[in-house]
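Trainee: Chains C and Z supply the protein sequences, listed in that same order.
Using the numbering used here, read the first sequence as starting at 1 and increasing by one per residue.
Using the numbering used here, read the second sequence as starting at 1 and increasing by one per residue.
Quick caveat, the hints were computed from the structure, so don't treat them as lab data.
Don't be surprised by glycine CBs; every beta carbon is placed ideally from N, CA and C.
Among the clues, some could well be false.
Stated by the list, open to error - Taking lysine-lysine and the DSSO-like style, the derived pairs with C-alpha atoms no more than 27 Å apart in a straight line are:
1) K186/C / K171/Z
2) K49/Z / K38/Z
3) K90/C / K30/C
4) K90/C / K50/C
5) K171/C / K148/Z
6) K199/Z / K234/Z
7) K234/C / K299/Z
8) K148/Z / K30/C
9) K187/C / K171/Z
10) K75/Z / K30/Z
11) K171/C / K299/Z
12) K171/Z / K161/C
13) K186/Z / K171/C
14) K148/Z / K161/C
15) K299/Z / K176/C
16) K60/C / K199/Z
17) K176/C / K171/Z
Stated by the list, open to error - Label pairs and their calculated CB-CB ranges:
18) Y139/C / L41/Z: 21 to 27 Å
19) N73/Z / G194/C: 45 to 51 Å
20) A280/Z / E127/C: 32 to 38 Å
21) K38/Z / G194/C: 35 to 41 Å
22) G226/C / E273/Z: 39 to 45 Å
23) Y139/Z / E5/C: 35 to 41 Å
24) T218/C / G226/Z: 31 to 37 Å
25) Q258/Z / K29/C: 32 to 38 Å
26) A192/Z / Y139/C: 36 to 42 Å
27) V187/Z / K199/C: 40 to 46 Å
28) A255/Z / E138/C: 23 to 29 Å
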Amino acid sequence: MESQELPYVLVDCIGGRLGVYEDHLGFLKKRFHLITMKEYLENKTFLSKKIRAIYVWYHKPAINEELLQSLNNLKVVASAGVGIDHLDLKLLSSYGVKVSNTPFVVSTDTADMGMALMLASSRRLVEGHEMAVSPDTEYFPVDWLGAEVSGATLGIVGMGKIGYKVAERAKAFEMKILYHNRNQRKKEEESAVGAIYCKKIDDLLQQSDFVLLAATLTPQTHKLIGKRELELMKPTATLINISRGKVQNKQNCIKVWWHDKSWENLQL
Amino acid sequence: MEEGELPWLLVNEVGGIRGILHSHVPFLKKHFHLITMKEFLENRKDVGKMVQAIYLWWHKPVIDKELLQSLPNLKVIANSGVGMDHLDLKLIASFGVKMANAPRAVSSTTADTGMALLLASARRLVEVHNISISPSMDYCEADILGVKVAGATLGIIGMGRIGYKIAVRAKAFEMNILYHNRTRRKVHEEQAVGATYCKKIDSLLQQADFVMLVVSLTPQTHKLIGKRELELMKPTATLINISRGAVVDQEALVAALQTGVIRAAALDVTSPEPLPRDHALLKLKNVIITPHLGIKTDKATYMITEEAVENILAALNGLPLPSEVLPS
Numbered sequence: 001m002e003s004q005e006l007p008y009v010l011v012d013c014i015g016g017r018l019g020v021y022e023d024h025l026g027f028l029k030k031r032f033h034l035i036t037m038k039e040y041l042e043n044k045t046f047l048s049k050k051i052r053a054i055y056v057w058y059h060k061p062a063i064n065e066e067l068l069q070s071l072n073n074l075k076v077v078a079s080a081g082v083g084i085d086h087l088d089l090k091l092l093s094s095y096g097v098k099v100s101n102t103p104f105v106v107s108t109d110t111a112d113m114g115m116a117l118m119l120a121s122s123r124r125l126v127e128g129h130e131m132a133v134s135p136d137t138e139y140f141p142v143d144w145l146g147a148e149v150s151g152a153t154l155g156i157v158g159m160g161k162i163g164y165k166v167a168e169r170a171k172a173f174e175m176k177i178l179y180h181n182r183n184q185r186k187k188e189e190e191s192a193v194g195a196i197y198c199k200k201i202d203d204l205l206q207q208s209d210f211v212l213l214a215a216t217l218t219p220q221t222h223k224l225i226g227k228r229e230l231e232l233m234k235p236t237a238t239l240i241n242i243s244r245g246k247v248q249n250k251q252n253c254i255k256v257w258w259h260d261k262s263w264e265n266l267q268l
Numbered sequence: 001m002e003e004g005e006l007p008w009l010l011v012n013e014v015g016g017i018r019g020i021l022h023s024h025v026p027f028l029k030k031h032f033h034l035i036t037m038k039e040f041l042e043n044r045k046d047v048g049k050m051v052q053a054i055y056l057w058w059h060k061p062v063i064d065k066e067l068l069q070s071l072p073n074l075k076v077i078a079n080s081g082v083g084m085d086h087l088d089l090k091l092i093a094s095f096g097v098k099m100a101n102a103p104r105a106v107s108s109t110t111a112d113t114g115m116a117l118l119l120a121s122a123r124r125l126v127e128v129h130n131i132s133i134s135p136s137m138d139y140c141e142a143d144i145l146g147v148k149v150a151g152a153t154l155g156i157i158g159m160g161r162i163g164y165k166i167a168v169r170a171k172a173f174e175m176n177i178l179y180h181n182r183t184r185r186k187v188h189e190e191q192a193v194g195a196t197y198c199k200k201i202d203s204l205l206q207q208a209d210f211v212m213l214v215v216s217l218t219p220q221t222h223k224l225i226g227k228r229e230l231e232l233m234k235p236t237a238t239l240i241n242i243s244r245g246a247v248v249d250q251e252a253l254v255a256a257l258q259t260g261v262i263r264a265a266a267l268d269v270t271s272p273e274p275l276p277r278d279h280a281l282l283k284l285k286n287v288i289i290t291p292h293l294g295i296k297t298d299k300a301t302y303m304i305t306e307e308a309v310e311n312i313l314a315a316l317n318g319l320p321l322p323s324e325v326l327p328s
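Whenever a hint applies, use it, and build me the whole structure from the sequences.
Mentor: In structure tokens, the structure reads:
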């Protein structure tokens, strides 16, 4: 490599619906020579040996064996966000390519979104807004009520970084917190948020007023919440999903999942 | 009064769009002989002298001199909530009638409403919900980004019971908290939530990313937030109002939102409620309006009735009221 030449990094596309944000280009171009998939496909022979990294943004570009075979100098795939269910880790490892995600920057905003959804759902915020602005509204009926969050029981399924941040927030609402996780958290961590471990997910489902899914999507959590689990839940309970759509069986319940979207100036 | 006869309690109406909730009636009837305004008006003289208490539900019935004069044995009025701006406290006191509100029942739920609005506005929840369910997928992810809550500064104007509960919640969201209040809170109360006192409201307005109004409506807080205050706020700031519509100069707010003087507003209360259907606030994309959600949960409304009954019974038994309100 010539001295002072920036490393070539492949991205799917820039701008548009799901592309790398234009606002991030300044930062990226200071450090890398950015190549889009379109540019790569137009000049595969030359570019395939130059590309040393891929920046995966909104799960694109899809990384398959064909791509890995052509990019013989690829060292690392950096995935935006914490979820990596869209990557074949075994395949990447077999090509000697490192993989990274961004667990630290996403946890707070994702936890905030979980709380936002829980509050909006229980207090019927979206419906209420529609009533408040509808051309047909003449009055606000006093018997139009929502459900209480303060003092209610929250069951967190998946107590990783995000789940734990949700617990910290829920504690301030005087919520009773139950959690189900592959492993039990340390005692000090549990006491700090007043969280009670439910080894069996059923126990959590039966007692919770709000069930929040913050688990990673894996073969074990795929369709974790199906007909059986929904029927174990209280009829008055609300399901909040901030993990992945596939963690719940779409045929049996309304999809409530959300990407976290909060933009902050990137800090190195 | 005959032995065993329950005291007579006057309410405006039961059921319908404005009346006492049907689910509360059995509890009320356990303690009182319930009389509606309609029944009172049909037989003012006889019913009038029997009424010892009034339970105000969503500000009704209206308490005026005429009503007070027709209820010679009225001992106490219990208000369903903490807002007292619809009452003439001096007038009521002049008739020797005690006044109570329901602070314990409302504070957590109203604080929850404030946080719900803050988060919904910050993360553009209504907007993105509508995009998510829309038949067209025509949007850019980059265009629907919200603003960060963690590390942002929340300025609480009015740090009473409700304002303080908001501070407790906001602290858990890693927010930096400023507050402005008639009086400063005790040091240990400030430290518990990491709140910094702003003696001058201007200082709070200039620093806050989110300004939350949690004051009572009084002559001093009427149009507390007007053109001047909005211009002091950051252009990236959000105004959240869970107090009373009249605390904000609505025309000034519309102008500020239209011209980007502030980023957005989330209003649980307006003046009037509901707003006229052609009001400019209804058309703005950067406004969330909710139908006075405040305490609208099954649990809170029931607790309000319980708190009211507690106060009424105390008054009728000559005991101190748990939540008496005196004219200031």
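Trainee: With reference to the structure, classify each hint as holding or not holding.
Mentor: Hint-by-hint comparison with the structure:
1. With a CA separation close to 23 Å, the supplied pair K186/C and K171/Z stays within the 27 Å bound.
2. Simply put, K49/Z and K38/Z have alpha-carbon atoms about 16 Å apart, close enough for the 27 Å limit, and the pair holds.
3. Of the pairs offered as hints, the one joining K90/C and K30/C is violated, with about 32 Å between alpha carbons and a cut-off of 27 Å exceeded.
4. About 24 Å separates the Cα atoms of K90/C and K50/C, which keeps this hinted pair within 27 Å; it holds.
5. Straight-line distance between C-alpha atoms of K171/C and K148/Z comes to about 20 Å, which keeps the hinted pair within the 27 Å bound.
6. This hinted pair checks out: K199/Z and K234/Z have alpha carbons roughly 19 Å apart, not beyond 27 Å.
7. Taken as a hint, the K234/C and K299/Z pair is honoured in the structure, with Cα atoms around 17 Å apart against an allowance of 27 Å.
8. Restraint check for K148/Z and K30/C: satisfied, since their Cα atoms lie roughly 25 Å apart, inside the 27 Å limit.
9. Distance restraint check for K187/C and K171/Z: the Cα-Cα separation of roughly 23 Å lies within the 27 Å cut-off, and the hinted pair is therefore satisfied.
10. Restraint check for K75/Z and K30/Z: the C-alpha separation of about 19 Å stays at or below 27 Å, so the hint holds.
11. This hinted pair checks out: K171/C and K299/Z have alpha carbons roughly 19 Å apart, not beyond 27 Å.
12. Straight-line distance between C-alpha atoms of K171/Z and K161/C comes to about 18 Å, which keeps the hinted pair within the 27 Å bound.
13. For the given pair, K186/Z sits about 23 Å from K171/C by alpha-carbon distance, which is consistent with the 27 Å threshold.
14. Note on K148/Z and K161/C: the hinted pairing holds, with a Cα-Cα distance of about 18 Å set against a maximum of 27 Å.
15. Taking the CA atoms of K299/Z and K176/C, the gap is about 16 Å. The hint holds against a cut of 27 Å.
16. Simply put, K60/C and K199/Z have alpha-carbon atoms about 51 Å apart, too far for the 27 Å limit, and the pair is violated.
17. A threshold of 27 Å between alpha carbons decides the hint, and for K176/C with K171/Z the separation of about 18 Å falls inside it, so the pair holds.
18. At roughly 22 Å, the beta carbons of Y139/C and L41/Z sit within the given window of 21 to 27 Å.
19. For the pair N73/Z and G194/C, the beta carbons lie near 49 Å from each other, so the given range of 45 to 51 Å is met.
20. For the pair A280/Z and E127/C, the supplied restraint of 32 to 38 Å is violated, since their beta-carbon distance comes to about 23 Å.
21. For the pair K38/Z and G194/C, the beta carbons lie near 49 Å from each other, so the given range of 35 to 41 Å is not met.
22. Between G226/C and E273/Z the CB atoms are about 43 Å apart, so this pair conforms to the stated range of 39 to 45 Å.
23. For the hinted restraint 35 to 41 Å between Y139/Z and E5/C, the CB-CB distance of approximately 37 Å keeps it satisfied.
24. The supplied range of 31 to 37 Å is broken by T218/C and G226/Z, whose beta-carbon atoms lie about 55 Å from each other.
25. Between Q258/Z and K29/C the Cβ separation comes to about 36 Å, which falls inside the hinted range of 32 to 38 Å.
26. One distance hint, 36 to 42 Å for the beta-carbon pair A192/Z and Y139/C, holds here, with the actual separation near 40 Å.
27. A C-beta distance of roughly 43 Å is found between V187/Z and K199/C, which places it inside the suggested range of 40 to 46 Å.
28. For the pair A255/Z and E138/C, the supplied restraint of 23 to 29 Å holds, since their beta-carbon distance comes to about 27 Å.
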